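Novice: As a plain string of letters, each chain reads:
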Amino acid sequence: MKPTDYSLFNLVRRGVWPGTAWPPAWRSVKPGLAYDVVIIGGGGHGLATAYYLAAQYGVSRVAVLEKGWIGGGNTGRNTTNVRSDYMFSESAALYDLGLRLYEGLADDINFNIMLSQRGWLTLIHDQHQLESARHKSNWLACNGVDGEIITRSAVKKMLPGLCIDDSARYPVLGAFLQKRGGTIRHDAVAWGFARAADRLGVDIIQNCEVTGLTMKGGRVAEVRTSLGSIACDRVGVAVAGHSSTITAMAGFGLPVTSYPLQAMVSEPVKPLLNHVVLSPGTGVYINQSQKGELVMGGVLDLYPSHAQRGNFPSIEKVVTAAVEMFPEFRQLRLMRHWAGIVDVVPDSSPILGATPVENLFINCGWGTGGFKAIPAGGLVLAHSLATGRTHPLAERFGLDRFRSNRLVDESAAAGIAH
Amino acid sequence: MIILECPYCHEQRVEDELRYGGEANIQRATDPTAVSDEVWTDYLFMRTNPKGWRDEQWCCEAGCGQWFKVRRHSVSHAIETVARFDVVL
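Protein chains in written order, with the working numbering: chain A, -17 to 400; chain B, 2 to 90.
Don't read these hints as lab results, they were simulated from the structure.
Errors might be hidden in some of the hints.
Claimed, not checked - Residues from chain B that keep clear of chain A, each with C-beta distances beyond 12 Å, as calculated:
| id | residue |
| --- | --- |
| 1 | E6 |
| 2 | Q13 |
| 3 | A35 |
What the hints assert, rightly or not - Quick list of in silico lysine-lysine cross-link-like pairs, DSSO-like style, CA-CA up to 27 Å:
| id | chain 1 | residue 1 | chain 2 | residue 2 |
| --- | --- | --- | --- | --- |
| 4 | A | K299 | A | K273 |
| 5 | A | K49 | B | K52 |
| 6 | A | K138 | B | K52 |
| 7 | A | K273 | A | K138 |
| 8 | A | K12 | A | K49 |
| 9 | A | K138 | A | K161 |
A quick note: this is a predicted structure, and the numbers were derived from the prediction, not measured.
A virtual CB, placed ideally from N, CA and C, is assigned to each residue, including glycine.
Put together the whole structure using the sequences plus the hints.
Specialist: Written out as C-alpha cells, the structure is:
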C-alpha cells in the first residue's frame, strides 16, 4: 500500500500525525512538447481512456486536454444513473461491459465511486408498453443481461409515494426492473479516473482549449492549443457535444447534432425514494441522491444548442411531471438546474474507433446515455489508440456504419424522446 | 426561451409553440439514382452542427403552420435573421 492510497489506515494516519495532509489528487502540469497519445476532452470518457491506456496497454506518455475543469462537463452534469438494459446484442455487450467495469471500479482505481445498485424501474403504463417490455426482457435474457417485469403491487411496495391509484393520469400496470441498475456519485468517476491516470504518469492539463489541428499527409501532426502546440503520434477525441467542432478541424464531418439535456435537484430531504424510476408517460426520471436531493431529468430540448444552461420551459415540464408522479414532491423547493450538451446521432448509438484521419480515433455519439458507459467507452478508445485497430466490441459502432447503412437503432432503449 | 416572429403570420411565438426542423440549406439530390453513396449518406446523416451561427428551419406549429428559416447562435441563442424560404440567407 502506498502512503497516497485512499484507505482507512492512511485516513487515520493523516488525521493523527501532523504535517501529513493529503497531496492533490492529481498534478497540475504544463503540457509537454510531444506525447505518444493526446486525448482531447477531460470528461469521464477521456479520463477513462487515459487510465486504460496506461493501466492495460502500457502507454503512459499520454496527455489529456480539458478546455474547462475536470468534472465540469457532462460527467458532472448528468443524473448519475447507470443501467445496461439495451436491446441489441452488440449494444448489450458494450453497455453491460460498462456496468461490469463500474461494479469493480472502486477497487481498480482506489476511489469510492459510491455505486448504489438500487434498481432501475421503467414504469409500464399500457398494454403496448407491457408487450414491448416482454419483448425487451426476452432480448436481455438472450444477451445474458438481467432484467425482469414486476407487477403493479410490487411497484406500489417499492415506490410508496408514487401516485398509482385510479386518479393517476398514466395508470401503472407494472414495471420493467433492472436490479443491477442504480446510481453512482458522478464527480467521483471523473476525479477517480483522473487521479488513477495521473498516478500512472498521465498528464492532465486543465484550462487548455484545442484551437486547431496541424495536418501532415492525412495525419494529425500537432494539436494546437491555448497553451501551445503539442506533437503526437495518435489523437483520441472524446468531447461529446463538441465532437463536430473538433472533427471539422481535422476536415471531416459527423452525423451528430448537439442538444442540451437538462437536469435539476430539489432541496435535500430524508430518504423517501429508494430506487431510480422512469415514467415513459411523463418522460421524467427521478432518483434521490445520497445527500437527499431528488435528482430529476426529462425531456431533451428539441433544438440544437451549445449553451450549457437550463431554461424555464424544461423546468416546468420536468417539475410538473415529477409532481404528477409523486404528489408529495409539491412541497419541495427546486434548488439547482443545469444542462449538458449531448451528441445525438440518428440511431442513438455511439460512434467509436477509426475515422477518415489515419491517426485520429473517436468516442462520441452516446447522446443522453454516455455516463453509464464511461468505462466501456474509455476501454475501447484506449484499444484503438494503443493498437490502431478497433476493439471487437466496438466494431459495429464505427463511423462507416452510416455509409454502409448498418445502423444500430437503440432509440427506444435510450429512454428519452430524441 | 426562444421567441420568434413568424415571417408569414407575423405573430410572436415562444419555443413551445414552435418546432425545430433541422439545419437549413440541405438539398435532396434532384436525381437520387444518379448520385454516389457518399453524396446520399451526406444528405441523409452528415450535419455541420456548428458552434456559433447556424441556419435552421423552424415551423410556426401552433400558429399558421408555415416553415421558415432562422439564423440563430448556438451559444447565446441570439436570433440574427428570420426569413421566408425564398430568401437566401
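Novice: Indicate, hint by hint, whether the structure satisfies it.
Specialist: So, going through the hints one by one against the coordinates:
1. E6: Nearest chain A Cβ is 17 Å from E6 (chain B), so the label holds.
2. Q13: holds (15 Å)
3. A35: The claim holds: A35 (chain B) sits with its nearest Cβ about 18 Å from chain A, beyond 12 Å.
4. A:K299 <-> A:K273: holds (24 Å)
5. A:K49 <-> B:K52: holds (15 Å)
6. A:K138 <-> B:K52: violated (46 Å)
7. A:K273 <-> A:K138: holds (24 Å)
8. A:K12 <-> A:K49: This hinted pair holds, its Cα atoms lying about 14 Å apart.
9. A:K138 <-> A:K161: holds (16 Å)
In this structure, the one hint that does not hold is number 6.
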